[in-house]
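Enquirer: Listed below, chain by chain, are the residues.
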Amino acid sequence: MQQGNRVIITVLGHDRVGIIAAIAEILSSHNINILDISQTILQGFFTMVMVVDIGNSTVGPGELRDVLTAKGQEMELAVTVQHEDIFRFMHRI
Amino acid sequence: MRFAISREEVFETIQMVTEQNLDIRTITMGINIQDCRGENGQHTGGKIYEKITRQAEKLVRVGAEIERDYGIPIINKRISVTPVAMVADGLDADDLLQIAGYLDKAAAEVGVNFLGGFAALVHKGYTRGDLALVQALPEALARTERVCAAVNVATTRAGINMDAVYDLGRIVKKTAALTADRDGLGCAKLVVFCNSVEDNPFMAGAYHGPGEPECTVNIGISGPGVVAGVVKANPGVDLGELANLIKNTAFKITRTGELVGRVASERLGVPFGIVDLSLAPTPAVGDSVADILEAMGLERVGAPGTTAALALLNDAVKKGGAMASSSVGGLTGAFIPVSEDAGLARAAAEGALTLEKLEAMTCVCSVGLDMIAVPGDTSAETISGIIADEAAIGMINRKTTAVRIIPAPGKKEGDRVEFGGLLGHAPVMAVNRYSPAAFIARKGRIPAPIHSLNN
Numbered sequence: 001m002q003q004g005n006r007v008i009i010t011v012l013g014h015d016r017v018g019i020i021a022a023i024a025e026i027l028s029s030h031n032i033n034i035l036d037i038s039q040t041i042l043q044g045f046f047t048m049v050m051v052v053d054i055g056n057s058t059v060g061p062g063e064l065r066d067v068l069t070a071k072g073q074e075m076e077l078a079v080t081v082q083h084e085d086i087f088r089f090m091h092r093i
Numbered sequence: 001m002r003f004a005i006s007r008e009e010v011f012e013t014i015q016m017v018t019e020q021n022l023d024i025r026t027i028t029m030g031i032n033i034q035d036c037r038g039e040n041g042q043h044t045g046g047k048i049y050e051k052i053t054r055q056a057e058k059l060v061r062v063g064a065e066i067e068r069d070y071g072i073p074i075i076n077k078r079i080s081v082t083p084v085a086m087v088a089d090g091l092d093a094d095d096l097l098q099i100a101g102y103l104d105k106a107a108a109e110v111g112v113n114f115l116g117g118f119a120a121l122v123h124k125g126y127t128r129g130d131l132a133l134v135q136a137l138p139e140a141l142a143r144t145e146r147v148c149a150a151v152n153v154a155t156t157r158a159g160i161n162m163d164a165v166y167d168l169g170r171i172v173k174k175t176a177a178l179t180a181d182r183d184g185l186g187c188a189k190l191v192v193f194c195n196s197v198e199d200n201p202f203m204a205g206a207y208h209g210p211g212e213p214e215c216t217v218n219i220g221i222s223g224p225g226v227v228a229g230v231v232k233a234n235p236g237v238d239l240g241e242l243a244n245l246i247k248n249t250a251f252k253i254t255r256t257g258e259l260v261g262r263v264a265s266e267r268l269g270v271p272f273g274i275v276d277l278s279l280a281p282t283p284a285v286g287d288s289v290a291d292i293l294e295a296m297g298l299e300r301v302g303a304p305g306t307t308a309a310l311a312l313l314n315d316a317v318k319k320g321g322a323m324a325s326s327s328v329g330g331l332t333g334a335f336i337p338v339s340e341d342a343g344l345a346r347a348a349a350e351g352a353l354t355l356e357k358l359e360a361m362t363c364v365c366s367v368g369l370d371m372i373a374v375p376g377d378t379s380a381e382t383i384s385g386i387i388a389d390e391a392a393i394g395m396i397n398r399k400t401t402a403v404r405i406i407p408a409p410g411k412k413e414g415d416r417v418e419f420g421g422l423l424g425h426a427p428v429m430a431v432n433r434y435s436p437a438a439f440i441a442r443k444g445r446i447p448a449p450i451h452s453l454n455n
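Quick note, the sequences are listed as chains U and P, same order.
Read left to right, the first sequence gives residues 1 to 93 (this note's numbering).
Read left to right, the second sequence gives residues 1 to 455 (this note's numbering).
Just so you know, nobody snuck in bad clues.
A short list of chain U residues far from chain P (calculated; beta carbon distances all over 10 Å):
1. Arg16
2. Ile19
3. Ile20
4. Ser28
5. His30
6. Ile41
7. Gly44
8. Ser57
9. Val67
10. Gln73
11. Glu76
Label-pair distances were calculated between CB atoms; the ranges are:
12. Glu9/P - Asp66/U: 22 to 28 Å
13. Asp15/U - Gly410/P: 57 to 63 Å
14. Ser6/P - Ala70/U: 26 to 32 Å
15. Gly421/P - Thr69/U: 23 to 29 Å
16. Met75/U - Gly421/P: 33 to 39 Å
17. Thr40/U - Arg61/P: 39 to 45 Å
Think of the hints as simulated: they come from the structure by calculation, not from any bench.
Keep in mind that this is a model prediction, so the values were computed, not measured.
Where a beta carbon is used, it is the ideal one built from N, C-alpha and C, also for glycine.
Same shape as in the complex, but just chain P (with noise of 0.2 Å):
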């Protein structure tokens, strides 16, 4: 056969993986563990290790093989299972701390970074489990490593759970206070959903769904640089045209993401389950969302135009990976977490980004108000409103929207907070100054839109 692809077409691959950052973010292999039900959190515990270093034994090694063979970084290997708060129903906090132990010891073993799905689902309500996860949260996520929590408060379907909305205000303040040294480094594992997803393999908000098979493999793709770049290349297009070329970039960097599925499937001898190309930036330089909105002729992301910007780039990159791959899931389009994102914590830091701004962008885009750090002193219920805000903004527009807030101990407007590593830096935000605590106060639950009953 012979070879059939163009020098420049060659060229425009190399150029994506050497400059633009292309690349697989994320391997993320989803373990069921509904079956690892012992009598109380240590025998549980145990059974979900063994399961989890059985299944992912592999996993690494399979990641840094396959990223060697294709010449494409890897750069994370994940871990998502079922949420822990059904697997562990009956049990109290005492034992849903030790089961949080143990995951944090299987992800060590296996030699993955963070492991998702400390996870409990109560957008109707909490189940005791549900209840006693919710409670373990904060020294759950001060004493692991790399265990990721997830509620999902609300779906459209189901409405907002008011209760946990309240109980989830105070359990950011706990966990933040319980992590004062590292700047309330706890919060930064903990994501409160609104119509979470089953299969998303991003972190800290991956959970292998009930509705998944027993193990399946996920694979999160990026590649803001790459999108960056093509946007910077054509200054002069109108927006029209500009959407197109995101589109075809988008194609470009899924098909990527569907090829490493597919071989680490085969090679792990686990289910290909979804590519979810997001645009997920990291502190490295050149690898921003910020960038690209910026690159569109916004003088900072931020400013007014914002919102139609991150619109167009949202619905483009959706666009391009559903034509790439037969199995495009997860969250799917561009993510705004502030501290991972040089541009926007620039723009944070600057002031040309508001939290309002942020929660205006989240109508638009994929996830939520993420990794954003605000005063010590900020309220629960201030969180918890916060927290409703974007779960009506997901509820209403039938979307996935998430709250990853850190009120960082100690710290002021304009102060820096210091994460480290992937989850980066960045400034604290100011936040409005007046209080939301008697509207939190009632609890209950805002019914689902009318808009839910579509049978």
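The shape of chain U in the complex, shown without the other chains (with noise of 0.2 Å):
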């Protein structure tokens, strides 16, 4: 896989059916895999975070964030989008 194509998806919220559900609808609709999810509901409170590979996707990073930061909105969800590079720039040498 090339570097660079992976994106950073964080949800943030009260918990409630169909959170995974809706974000994953969305990346498959734009062609975008899934290569790790990790999940805690602390107190019922919902953290996730995601790394999606949007090589082939039919959006770019920019569209991908609107369309989930809205899709967050209508579920009372935080929603970001950050690309892979700001984290490895940050965290690692």
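Combine both chains into one complex, guided by the hints.
Expert: Structure below.
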């Protein structure tokens, strides 16, 4: 896999049915492959970090951010979409 | 390849961006215009306009693309050019005014809010071009919207050009008078430097130095909110440990700048110059250097201990930054622009922070007396005296210092001036009422210090 095609999605909010399904549906509809999901629920608070590959995506990271944050607003969740490189640069030399 | 970043690290980064105002403060494209000399002001200005609009055509668009692709806000896209006095040498003040007009037009055309480089380097004396530029300053600053000016009046190697210091006191006053309807806003676009740097991406003092390449991209990165967050989260640690925590944070912030710089350089097809890691505050809540100092344990910035706290902060920022990038440059440190920092402005309004304390603070941080409003009746000689003091601090301590001071027309101590936007608002601060007029009127040159002879 080519480096630099990965995007990190985080989701924070109150737990409810269908959060992962809603996010995953958007991703699959844009041909985005999920590489890793880590999810926990702490006292009803849902946190998820998802690593996805946008190498074959039909949308760029900017558009993906728009779509996912809109979905997040609809479901009352805080969604962020960040390019992997930001994390690699910041936390690794 | 596995994704080897932990959850904690992911959320730390997200928090920096979403809650603590981590941003790329500016992508500044430096453009050499030394090849733009024409026969007169109009001809030269036209050539400069053509070159800037060609070189920087993609700047704003690429900046917006990077912002979108990486999810890091990029607040400003700006341009710096070769000090105009060098290009326009031999032309007169009217020609320089015309050139300023073309610069303003070029900045508007490519969509940048500020363009720096209406500048002259006069630390050892004036050339004809320098003199023409300095004479043109008040009108140029009053008539243009986006053009920023800088004059370097001193260096550690050359000493202080007191002729220029004398003149600039008058120039500042005249600039204020010509922009009296806007609280003297013209002065907010004029920086008087000692030891100015050639690759500073931050306005108003940015210019593309004569030692710089044809075109380059410099990144100014900020994040007072991120540093304040770390300091607030660690109330119990001793100062050595605190310095370490700030250093680690500065490292992370600078890495973001390094990434954006590399990407911007590639997409613009222009060499990457430097990352300038400066804690540059904005009037936004939580984006304040004063907040950091107060989080360290000062009741108000300006209290005894402020200079020590700032020294610790400034040094830790540099150490972290230096590790994070192969090309840290520019000013790099902490800025203390009073009107642009809500915490500093508050402390000044409450009387906790005085001009004299700010002067002491400039001994240990990046740059100098910045965005300070003083009473409108402050004399030209007093302003020259303030400039001379700052230049002396820079000269003796081998550092950049600067003065960006606004004698706000018609305003008295305790009044408030409003510049709007990123320039913010500030209380009019008290100035020592005793006059340095006879000292300033001596003019001449303050010789370079003995440690300038280091060969």
